[in-house]
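**Student:** Below are the chains, spelled out letter by letter.
Number of protein chains: 4
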Amino acid sequence: MRNTADEKILELADKMQKDMVKMRRDIHRHPETGWTEFRTASLVAEKLTELGYDVRTGSEAINEDYMMGRPSENVLAEAAKRAVAQGAAAEWVKKMKGGMTGVIGTMVFSQDGPTVALRFDMDANDVLETTEEGHRPYEEGFSSVNDKAMHACGHDGHTTVGLAVAAILAALRADLNGKIKLIFQPAEEGVRGAKAMVENGDVDDVDYVLGAHFGFKMKKTGSIACNVKGFLATSKYDAQFTGMPAHAGAAPEEGRNALLAAACAALNLHAISRHSAGASRINVGTLNAGSGRNVIGDKALIQFETRGANSEINNYMENEALRVLKAAADMYDVKVDIKKMGGAAGADNSQNLAQYIKNKADSLGIFDNVVTDCAFGASEDFSYFMEKVQKNGGEGAYMMVGADLAAGHHDSHFDFDEKALGYSAKILAVCAAGLLQKKDL
Amino acid sequence: MRNTADEKILELADKMQKDMVKMRRDIHRHPETGWTEFRTASLVAEKLTELGYDVRTGSEAINEDYMMGRPSENVLAEAAKRAVAQGAAAEWVKKMKGGMTGVIGTMVFSQDGPTVALRFDMDANDVLETTEEGHRPYEEGFSSVNDKAMHACGHDGHTTVGLAVAAILAALRADLNGKIKLIFQPAEEGVRGAKAMVENGDVDDVDYVLGAHFGFKMKKTGSIACNVKGFLATSKYDAQFTGMPAHAGAAPEEGRNALLAAACAALNLHAISRHSAGASRINVGTLNAGSGRNVIGDKALIQFETRGANSEINNYMENEALRVLKAAADMYDVKVDIKKMGGAAGADNSQNLAQYIKNKADSLGIFDNVVTDCAFGASEDFSYFMEKVQKNGGEGAYMMVGADLAAGHHDSHFDFDEKALGYSAKILAVCAAGLLQKKDL
Amino acid sequence: MRNTADEKILELADKMQKDMVKMRRDIHRHPETGWTEFRTASLVAEKLTELGYDVRTGSEAINEDYMMGRPSENVLAEAAKRAVAQGAAAEWVKKMKGGMTGVIGTMVFSQDGPTVALRFDMDANDVLETTEEGHRPYEEGFSSVNDKAMHACGHDGHTTVGLAVAAILAALRADLNGKIKLIFQPAEEGVRGAKAMVENGDVDDVDYVLGAHFGFKMKKTGSIACNVKGFLATSKYDAQFTGMPAHAGAAPEEGRNALLAAACAALNLHAISRHSAGASRINVGTLNAGSGRNVIGDKALIQFETRGANSEINNYMENEALRVLKAAADMYDVKVDIKKMGGAAGADNSQNLAQYIKNKADSLGIFDNVVTDCAFGASEDFSYFMEKVQKNGGEGAYMMVGADLAAGHHDSHFDFDEKALGYSAKILAVCAAGLLQKKDL
Amino acid sequence: MRNTADEKILELADKMQKDMVKMRRDIHRHPETGWTEFRTASLVAEKLTELGYDVRTGSEAINEDYMMGRPSENVLAEAAKRAVAQGAAAEWVKKMKGGMTGVIGTMVFSQDGPTVALRFDMDANDVLETTEEGHRPYEEGFSSVNDKAMHACGHDGHTTVGLAVAAILAALRADLNGKIKLIFQPAEEGVRGAKAMVENGDVDDVDYVLGAHFGFKMKKTGSIACNVKGFLATSKYDAQFTGMPAHAGAAPEEGRNALLAAACAALNLHAISRHSAGASRINVGTLNAGSGRNVIGDKALIQFETRGANSEINNYMENEALRVLKAAADMYDVKVDIKKMGGAAGADNSQNLAQYIKNKADSLGIFDNVVTDCAFGASEDFSYFMEKVQKNGGEGAYMMVGADLAAGHHDSHFDFDEKALGYSAKILAVCAAGLLQKKDL
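Residue numbers (my numbering), protein chains in the order written: chain H, 3 to 443; chain Z, 3 to 443; chain X, 3 to 443; chain C, 3 to 443.
I should point out that these hints are in silico values taken from the structure, not numbers from a laboratory. What you are looking at is a predicted structure, and each value in this text was computed from that prediction instead of being measured. Check before you lean on any hint, since a few could be wrong.
What the hints assert, rightly or not - Calculated cross-link-like contacts (lysine-lysine; reagent style DSBU-like; alpha-carbon spacing at most 30 Å):
no., chain 1, residue 1, chain 2, residue 2
1, Z, K231, Z, K17
2, C, K49, C, K150
3, Z, K393, H, K150
4, Z, K337, H, K301
5, C, K150, H, K301
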């Protein structure tokens with residue numbers, strides 16, 4: 003059964019639908035990849051400020067020491083410049099210097115109550131958007147204008163939903179207790195951004211944290227999965243091998259072969275033993291080595307990732323992998339420089355909170371299909387927020403909001419049914435408002 | 003003791019020194035890499051024609067079926083256009099369509115006699131010429147104007163010497179018997195061009211073939227090595243592996259891993275057994291695989307080469323390598339497409355002819371240091387010409403003409419003492435004229 | 003609540019305890035490894051005959067075409083001879099020629115009813131029994147007299163229990179309906195024997211099949227687990243590589259290196275991709291290659307196994323492994339001969355039947371601890387019987403009967419609390435009798 | 003032209019022919035492998051003593067610290083016992099305790115003169131002698147009575163020749179100056195024994211050292227090669243990897259996989275880069291790993307060898323190999339214990355001395371075919387003696403004395419024409435006597 007607040011939320015969300023579509027398309031048109039979301043984050047900061055939120059960004063939102071996979075200064079500077087050129091407010095962009103593009107909007111309500119956090123991710127993919135016939139963003143003129151970047155995972159929608167929820171909760175503020183934190187995270191792709199926000203203490207005071215993703219395994223608009231399971235813990239690494247070049251005909255023994263070290267590492271990484279306690283994964287996704295056919299290859303870069311059904315298994319994979327890399331370097335007498343580029347914890351929804359979402363979804367009566375369990379089988383760094391809140395005695399849950407998709411995630415033809423924006427705003431606002439109305443769940 | 007003809011040659015060469023420098027610098031400024039020597043070859047064709055040689059180029063000089071490592075049509079078309087823009091005669095460029103940039107100049111003398119061939123290579127390297135202080139070509143304004151190409155091996159000099167010798171022999175024509183063939187070869191780098199000229203029958207009628215290289219192990223102007231030994235036979239290959247991508251977390255078993263196939267190939271190629279009959283080499287010089295960290299790598303390209311103290315050993319290495327590549331592809335259930343990109347035979351100078359050169363070098367009295375044996379330890383596709391002539395009962399030899407060098411071959415700082423142009427023109431013209439004066443050596 | 007028949011069974015079993023201990027020790031003293039259980043099987047055949055069972059053995063019990071990992075004729079002949087020398091009846095041994103040592107005892111009761119099968123395994127391990135102080139079999143004079151064989155897994159007890167149950171059911175025959183089949187299986191170690199019995203049709207007519215194992219994860223006498231889960235499907239293979247020897251100094255290129263082929267296979271087998279649908283395993287357990295330090299190794303044998311959470315995953319591992327082996331052989335131009343040495347299906351208990359066992363165990367009131375679920379995490383070829391019966395619409399279940407253990411299974415110090423013999427005989431006889439008293443469960 | 007001494011030597015040798023055959027057959031019948039030559043060495047010690055030589059053995063002849071590949075104490079004790087049982091004098095055997103079976107016989111002549119050493123090797127091979135028809139030792143009753151040992155390389159003949167030369171030189175003592183040292187070396191197979199004698203200072207005072215081998219590339223009785231070239235330097239190693247076993251199904255991640263470490267080592271050892279300065283070799287000749295199919299292999303032993311055209315190249319191979327082994331162990335988190343089991347230097351005959359042998363061989367007029375150069379292409383630890391003497395300013399040379407062979411060296415059908423005994427005794431005695439007659443060569 004819907005309560006009065008729920009009714010109000012549904013109504014507000016319906017009114018915002020057109021604006022949401024407009025905003026989503028604006029963001030879609032100006033995609034920004036991880037740690038370069040200067041324009042998107044500025045837009046968010048501006049809107050949250052307008053709505054009366056207390057807004058933090060830059061080093062107030064991000065612990066710089068934990069930024070993984072940050073682009074070079076050059077790339078960041080170019081992106082910041084482009085953001086301003088594309089309409090971002092220069093003062094906000096300045097605060098985000100160095101790619102610290104996370105934004106947190108906080109609103110404290112009049113009475114005591116729980117602290118509820120919602121998390122939205124803002125970054126785009128390294129994908130070149132298709133210009134094929136039938137691709138709606140292209141045909142309707144909102145496809146990417148930024149080179150080699152595209153919102154191919156729906157984060158444009160997530161950001162939009164976040165701002166809609168911000169507006170709804172602000173409108174309901176008189177009826178709410180406690181505190182709401184709206185967390186807009188950069189660099190979810192490559193699972194890089196969450197860690198730097200968690201390590202900044204952004205959810206240390208949070209009792210409930212919620213996250214949501216469009217589509218994925220819920221490929222019909224109007225469906226929802228309330229208890230997403232099987233987040234794989236993951237770590238992302240780059241390993242750069244450096245040896246010594248030599249003429250392969252005249253003096254091969256003078257070379258130190260980084261190419262072979264990398265090849266040897268790749269094979270032996272994949273031979274790391276399976277773990278009896280649950281799923282594990284390893285993938286050397288790229289290997290680029292050598293400079294010329296007749297030169298002993300003195301440089302090699304591999305990009306790889308480990309995964310595990312839980313953080314313990316992923317740690318096992320990680321430790322094995324690091325040892326293998328060092329041994330492979332020793333094997334060919336070369337150096338290896340290993341850099342962590344990303345990571346996500348394994349996690350499970352708090353069952354209580356997942357059940358709460360399910361009850362809300364059922365009671366709203368707007369979903370055609372309310373699923374309880376849904377296996378994720380992939381990685382999301384929302385897990386870091388959830389893990390931290392759960393460790394502090396709080397609860398966390400992640401849901402999947404159904405959306406008709408034009409193509410799979412990360413595909414250059416990706417697009418989603420914009421009606422899903424409304425569904426997502428509604429369930430998130432309803433859940434947040436519900437949690438903020440009582441001290442206890 | 004010099005004879006009259008020798009005296010005349012020395013005198014003519016000395017007179018040409020200034021022109022040689024000028025021409026060498028012009029060629030240096032307009033470097034063209036393998037199979038794109040449209041401007042250089044047009045210049046050669048034009049000059050030879052002017053001197054009264056019968057000139058063949060394009061499909062008259064090159065057997066297209068044996069062109070290894072030919073660039074794409076696009077690249078060839080761009081290069082041809084650039085050549086014309088840089089002053090090449092359009093009609094010559096047209097004849098060389100498809101990169102068939104070899105040129106042969108033939109002159110038949112009045113009386114019967116042997117057919118003598120001299121071979122000169124014309125191509126530049128894939129090297130970006132330095133703009134550091136102290137690099138003479140840069141400081142004196144003749145450094146490369148063509149992107150990513152540089153004469154860093156002295157072929158600009160070789161081509162210049164070839165034209166000087168052409169002029170000298172034309173001037174002496176009344177005193178000569180038999181026939182001279184001046185062979186200007188494209189694509190020596192990567193040992194690609196000789197095969198296509200040999201397979202066109204270009205030296206089928208040749209009794210003596212001579213080649214020369216500046217510098218290398220003779221690093222002093224005024225020195226010469228007459229019996230270069232230890233040409234390594236070599237083969238150059240590209241192997242492209244094609245598998246199937248898959249999400250490394252969600253469905254790794256659906257992938258077919260081309261990256262691992264390539265890594266496995268690289269290791270096992272280097273483990274090919276040594277050969278008891280002499281030196282062998284293998285080098286996987288580059289390996290580039292995969293598209294993203296979390297995707298099973300479905301594409302991988304390796305560039306490798308084999309070498310052997312003689313063609314038999316190189317064949318052994320080649321056969322082993324091809325089997326290893328196929329097995330590595332099978333190992334990971336991927337496809338492999340193997341393309342031969344270049345090759346050179348092993349070869350040894352005809353001892354008689356090498357001795358003849360030595361006698362000439364001694365008798366001229368212009369060299370400070372006349373060395374007999376000199377170990378090459380590298381590969382040169384001049385070996386194909388030599389092998390063919392020797393098989394037909396003729397003789398071949400390769401000499402090294404000393405030159406002070408600014409840096410090693412293929413280095414972006416490479417430059418050589420232009421006095422060496424004269425030394426090279428003299429010894430080659432003297433040897434050729436000598437051979438053309440009598441039916442028997 | 004126990005019924006009358008149950009009471010009778012408990013009483014009979016208690017009376018047999020001493021005889022069971024005696025028989026178990028006799029079998030323990032004369033261990034026979036897979037397919038050589040001539041003495042044990044003869045003993046079984048004799049006792050079953052005495053008890054009035056219809057007895058089949060040799061080719062009547064075993065489909066010879068499916069015997070995996072059968073020893074050489076020589077080994078079998080020696081074992082048969084030894085069995086007779088140790089008291090086996092020569093006529094039974096003769097029937098078991100070729101190692102066909104399976105035995106089936108059938109008894110048909112007066113009224114129609116279900117066909118119930120119980121399966122017991124008889125083989126010993128390739129383990130040298132310890133003679134250390136404190137090892138009861140050694141101290142009490144019943145340790146192995148057969149070289150390199152020991153009952154280190156409790157199959158001596160299983161066989162004993164089987165004969166006790168045979169006696170109990172024979173004693174109760176007037177009260178039973180349907181048909182009982184007591185299956186005594188050879189070669190469970192290495193999961194080799196079940197397949198050959200299933201393929202002989204031994205359980206084609208069976209409605210319920212039960213199996214049991216001592217100890218394992220139930221390490222306390224008086225405990226029982228009724229629903230053993232997580233049988234891993236498995237396949238066991240030997241791969242023999244054959245190359246060509248050569249002197250490693252004088253002519254290494256003439257060798258064909260089976261040692262390197264096997265090493266390459268081992269690494270790449272372990273690099274087979276994980277499967278997203280569940281647990282997989284691969285293990286190259288032994289690799290023995292080469293004959294001398296200075297000879298290219300021309301022979302190599304690897305013994306390996308694959309496993310999967312279910313048969314489909316195991317098939318995936320198996321197919322990948324076979325391809326890898328062939329490719330590794332090709333890689334080094336050697337031959338590989340691959341032989342299947344064993345296998346077991348993945349399986350799950352019929353939940354209905356497992357619940358029935360649990361109810362029986364609870365109602366008997368003799369167990370201190372009745373556990374429902376118990377993860378096996380290993381392989382047992384009982385799964386073949388279970389799979390076949392389930393496919394035909396019947397039910398199967400496997401239980402673990404607790405026993406205090408002196409050491410882990412397959413350890414040379416293994417021994418178990420003989421009180422467990424009684425517990426096992428009781429629960430199996432009670433379940434079988436229960437099933438045979440009614441047409442429907 | 004033969005001189006008087008030469009004539010006398012030829013005559014003496016002819017008289018000894020029958021005794022040589024007898025002795026060779028006695029030694030052939032009682033083969034003793036490396037460091038267990040108790041009977042053979044005792045026989046040598048006894049005969050040398052009888053002939054008036056000063057005899058040293060045991061720790062007087064061997065530096066125990068440099069004994070490579072010494073068998074276990076147990077094996078040595080058994081061999082010593084067997085030697086006595088087969089007729090060895092117990093007091094000599096006792097002196098050779100611990101396998102120090104080298105023997106040196108020294109005789110000082112009346113006048114000053116050079117010190118000349120001859121070296122003979124005494125050990126047999128780990129070969130089971132054939133009992134096929136046509137194998138003369140078997141048919142004539144002198145084939146091996148010792149299990150798994152056979153003189154399949156002719157060292158029985160070498161020892162015999164050594165004693166014949168001892169007798170000849172003793173007979174000529176009045177005519178000789180300086181000092182003769184007859185060195186009987188153990189454990190030449192596996193190139194283990196020479197180092198321990200050289201490091202004992204056994205040739206520190208030597209001016210000329212000579213060695214000889216039957217057969218090999220000189221397969222005709224009556225031929226001789228005076229300048230054996232191309233000794234490959236070599237090193238022999240055993241590497242024992244120790245990991246941790248674990249159940250491959252239940253807990254593979256708990257294992258530490260020595261089998262994979264060894265497989266990885268094998269592949270990467272063979273991938274060590276070739277050396278541009280000359281021939282190199284690597285061979286992993288044996289790899290034995292693992293205990294059972296379903297256990298993570300916790301033990302692995304590899305036996306390998308490196309070689310090089312000279313000691314420097316072999317050192318390069320050795321250093322690379324040791325690094326690879328350690329890295330392979332690290333790769334799988336296991337330990338590796340590396341033991342040097344043998345080694346030989348690269349070496350070249352002193353040209354002066356080789357010429358001297360040739361002159362003698364020519365002048366004697368007994369050889370049908372006197373060859374100068376002969377490429378060895380293998381390893382012999384005589385090189386250590388030669389290297390040491392040459393370093394001290396002396397000279398060394400190694401010759402090959404032709405012999406008709408029944409089969410190749412190390413073959414179980416090996417046998418040689420016993421006429422070769424005489425040829426060898428003659429040339430060695432003649433050369434030694436010649437050197438001992440004058441102070442200067």
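**Student:** Are the hints correct? Go through all of them and say.
**Tutor:** Taking the hints in turn, this is what the structure says about them:
no. : hint               : verdict
1   : Z:K231 with Z:K17  : violated, 33 Å
2   : C:K49 with C:K150  : holds, 27 Å
3   : Z:K393 with H:K150 : violated, 57 Å
4   : Z:K337 with H:K301 : holds, 26 Å
5   : C:K150 with H:K301 : violated, 52 Å
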